[in-house]
Structure formats: C-alpha cells, structure tokens
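The whole structure should be built from the sequences, with the hints applied where relevant.
Top line first, the protein sequences correspond to chains A and B. Position 271 (the first sequence) corresponds to 271 in my numbering; numbering is contiguous. If you want my numbering, it's the 1-based position in the second sequence plus 1000.
Simulated from the structure, these hints should not be mistaken for lab results. Hints may contain errors.
Said to hold, decoys possible - Now the in silico label distances, taken between C-beta atoms and shown as ranges:
1) A:S131 / B:K1149: 53 to 63 Å
2) B:S1201 / A:D265: 18 to 28 Å
3) B:I1032 / A:A262: 20 to 30 Å
4) B:I1032 / A:S131: 46 to 56 Å
5) B:A1262 / A:K101: 21 to 31 Å
6) A:Q78 / B:T1167: 48 to 58 Å
7) B:M1001 / A:S131: 49 to 59 Å
8) B:S1201 / A:K101: 21 to 31 Å
9) B:K1058 / A:D258: 31 to 41 Å
10) B:S1201 / A:T250: 16 to 26 Å
11) B:E1235 / A:D265: 20 to 30 Å
Said to hold, decoys possible - Facing chain B, from chain A, some residues (calculated, C-beta under 7 Å):
12) D220
13) W226
14) F230
15) K234
16) V255
17) R274
18) W277
For glycine and all other residues, C-beta sits at the position ideal for the given N, C-alpha and C.
Next come the chains, spelled out residue by residue.
2 protein chains.
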Amino acid sequence: MNLAIVGLGAIGGSFAMSLMKKGYERIIGIDIDEQTIDYALKEQIIHEGMTSPEEGLKDADVIMLTLYPSQIAPFVEQYRSYFRQGVVLTDVTGVKTSIIKETTRVLPDHADFIFAHPMRGSEKKGIAGASADKFEGANALITPVPLNKEENILKIETMYKDAGFSTLTRVTPEKHDEQIAYVSQLMHALSVSVVNSSQASDDTLLFAGNSFQELTRIADINDSLWSELFLNNKEALLQSITSFEAELETFKQAVETDDEEALKDFLTRAREQRRNWY
Amino acid sequence: MNLAIVGLGAIGGSFAMSLMKKGYERIIGIDIDEQTIDYALKEQIIHEGMTSPEEGLKDADVIMLTLYPSQIAPFVEQYRSYFRQGVVLTDVTGVKTSIIKETTRVLPDHADFIFAHPMRGSEKKGIAGASADKFEGANALITPVPLNKEENILKIETMYKDAGFSTLTRVTPEKHDEQIAYVSQLMHALSVSVVNSSQASDDTLLFAGNSFQELTRIADINDSLWSELFLNNKEALLQSITSFEAELETFKQAVETDDEEALKDFLTRAREQRRNWY
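Written out as structure tokens, the structure is:
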C-alpha cells in the first residue's frame, strides 16, 4: 500500500513515524516546506518526499490530508485529476459537517473520502512535535457518510490501529460536531475568555493555584487554526455556549439570592456527574 | 511555643506533620472526631490530642483554626474565655473580608487574629489526606488588619515557612477576595457549569480529550465547603463572573458575525497573556 501524507506537521509527521515503525513499505511525504521534507528524509520518517504533490498523489492508494479545515476542499479540487482509480482519502480535521459538505462537492466519483478525527492534540507545532508513539492509547472518531464503502472505512480504521490508536468510534458528522463543540471548543472558548478578563493582571499568579494553571493551559492557542475550527462549527458552538450559559445563570442565581441549598444541589450534581465519568 | 490546631483534616493535619518534623515541641491536636485524635496520636502527628478544646486552648500560645468559614466566628465566641493573654489566632479559610468582619466582632482584646490563606488545596479529605511535605514550595497569602501586631504577623509567617511554604505575600483582605474570586472561585463556577450542561451524557467521554478532563477536575467539589466560600464572597464572585461574561460575549459576537479577524485578535491576546504568565 502506498500512503501519501500531505502536510508533515506534528500530526502528519506522527502518522508517518508510527506507520514507518509498524513496517509500512511506502510512505510519501508531501509538504510545501523544503526544510521539512529534508528533515523527514534525513530522520527516515518518510520513504520519499516532495514539495509538489502531483507525482506522489499519482502513486497513492491512500491520501491523508493533514491540512487546515479551509484547505481540504480546495486541495481536492486542485489535484483531483492526479487521483488514482479507487483512491481512499482521509482528513484529520476537528470539525466535520462543513468540511464534508464542501469536499463532497468537488470529490471525483472514482475516489472515496473517509472523514476522521484523531483525538490527540499537539502542543508543539511542526514536524519537530511529531513522535512515533504520539497516538499510543489515543481515541479517534470516524464519521462515515452514505457514499463511503465499508472496505475503505475498514482500511482507514486499520491504519489508525497500526498508528497506535486504541479506540475508534463511528459517529455521524452531526453528532461529532455537536459533541466536539461541547467537550473541546467550549473548553477553549472558556479558557481564552478567562485569560482575557479585565481582572487579569501581572499580580494574578500570586493568587493562582493549580486550577487556574490547568484551565488556562489551552489559552495558549493557535489563532489561525482555531478561528477556522470555531467558524466551521458555528451553530453547534453557539448552541454549546448557550447550554453552558444557562447553567452558569442557575449558579449565579443561587449565589445572588443566598440560596445555599440550591447551590449545594448544583455542586452535588456536578460532583456526581464528574465521578461518573472519571 | 505551644501550638493548638483545631480541626485535624488534610490541612490541619499537614500543618501538624510538617511542624512536628521541623521540631516544634508541643503540638496540641483538637478535633471532635475521636478516631481522628487516636490516629493522630498513634502516628505521632501531634503530641497531645483532645476532642474538647478547653484544656488545649488554655495552654496555647498560637491557635490555628482549620475550620469551615461559618465555624470561625462562632468558635471564637464560644471559647474566648479560654484564650491566654497575648494569644495569636490564625485561620486557613479561602475568603477573608466577611470572615474578618464576623470574627473581629467577637474577638477579645487580649487576643490577636492573623488571617491567612495557605494556597494548597487537597483532593483527599480528612487526616488521611495529610502529609509532612504537603506545603513544600506552596504559596500563602496573609491579610493583615490594622489591629494586628507586626510581631504576631511575623510569628505566623515564620510558622508558615517552617511548614514548608516558599512564598508569603501580604495583601489587603479586599484585594485577596477580589483576586481569589477570579483565579479560583470563577474556575470552580465554570467547571461545575460545564459538567451540569444539558449536553453532558454517558457518551461524552468518547469525544473528550485532555482539556475536558482538566477543566472538569475541580467539579469533583466539596459542596458544603464551597457553598460557604462562594456565599461568603458573593460580591467579588458575581463581579468576576460579570467580567468573564463580557469576554465570552465578545468571543460569541465574533463567531456569530463570522468576524475571523476579531476572533484571531481575541485568541492572540489570550495566547500572549497566557505565555506572559507561564
């Protein structure tokens, strides 16, 4: 199987490294940055490397696009004439419905696109943040669409297992986006809003403990990527903020009215749900 | 120096253990739970133990109250006739202005109360959660009031250093409460509201990564203690929520209006502030 990985950042590079370790025989790395390709070849992260995709795509049985959300459909449109008959494409973007809609519109009939979301972020950007064991024990979500062939979904799932993922879950794109809005995007929205509060000051850390450090960790955010992720999941994200705001309002009301019993009930409910999860 | 610690939970117990290790010669443990006293004596965490405070208080040069916020002033009122001339009291509660007001009203003239806040929470409750190195490298806040004698403030600060604290900062009670509302209470309010969201379900963890796990950790909360902490800091807490909501509203507006530039600016501002702190 010939695998082409387009975009050798922390995620694409980690797929290359872990699948190389697993014994994949032909991994073609494609990246617009020549230094990245040189580095990947030198470190034996890939078998072949190139800065223009045409030649690599022609040979590929599977094409993994580790690009920004806004780049997926334009890439498919620009390079579809180089896709082999029966090629399987896959992506790694954190939002699905909008990407699927845009990409399906430009996807040729002889290609099958399995949309997926590896659930392991990276604090380090670029190929230097890649590692062969990055995905060990990680979860991934696969969001099949009606046009997908079962054998192609299985092919991508096998590749994820080979890369180290432990749990693969198939969900609809809608459920994916709704839940990601809650468990991931809302967390980032809260974190950046906390850090941007007018109460933030140079003295803040004199008062801060673990909870502040943990909650604000993800405010150290990639603004270009996350702007795209937020805007491509607008409806679900706004709904998620609204649901959250309703709870914060309940909390505030209890504090404002000195309703200790309501406050305790609210906290007890949270504690029980948290313990139910972890 | 005779030190009486009232309440041998995780915090009181850790003070006893770390000061015992430091060589303090007389640590009297007072707790209403007989098993706790038996355990503390057996484990040599204290020199003497009792379930009624009268005798221990009579001998004490320093009395540390590791009680819930609502118990501080009533304790002082009930037992003040047992306080020695020149005794120094101190507390460990996470809110200050309201506690200081209530307590000062009932404090006898021959006692000095140095209000303090050790900045290290405990996940484990009770004496079993205590350890001799719990406070190593931790921060503490001291909130002096005009009636305090400098020598008594220094006495408490020395005791904190002996217990392992590395940074002691003196702040006004008002600034303390305002900043704690932001860096600690707001974090807890957000965390419990996230967990109580109507979007929470048994499926949630299929989608959740590190950020959800971290942000919801503190939702496993002691409802009795935190209800008191929130209600005793009502004004500052509500102000802190309002400041946060203003930022979340800015974020929402940018998403709603597809204003990618405003969104990027907001994220960039957060990233820079976060990196400035850590």
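Taking the hints in turn, this is what the structure says about them:
no. : hint                         : result
1   : A:S131 / B:K1149: 53 to 63 Å : holds, 58 Å
2   : B:S1201 / A:D265: 18 to 28 Å : holds, 20 Å
3   : B:I1032 / A:A262: 20 to 30 Å : holds, 28 Å
4   : B:I1032 / A:S131: 46 to 56 Å : holds, 53 Å
5   : B:A1262 / A:K101: 21 to 31 Å : holds, 25 Å
6   : A:Q78 / B:T1167: 48 to 58 Å  : holds, 57 Å
7   : B:M1001 / A:S131: 49 to 59 Å : holds, 54 Å
8   : B:S1201 / A:K101: 21 to 31 Å : holds, 26 Å
9   : B:K1058 / A:D258: 31 to 41 Å : holds, 37 Å
10  : B:S1201 / A:T250: 16 to 26 Å : holds, 19 Å
11  : B:E1235 / A:D265: 20 to 30 Å : holds, 23 Å
12  : D220                         : holds, 5 Å
13  : W226                         : holds, 6 Å
14  : F230                         : holds, 6 Å
15  : K234                         : holds, 6 Å
16  : V255                         : holds, 6 Å
17  : R274                         : holds, 4 Å
18  : W277                         : holds, 6 Å
Taken one by one, the earlier hints all hold for this structure without exception.
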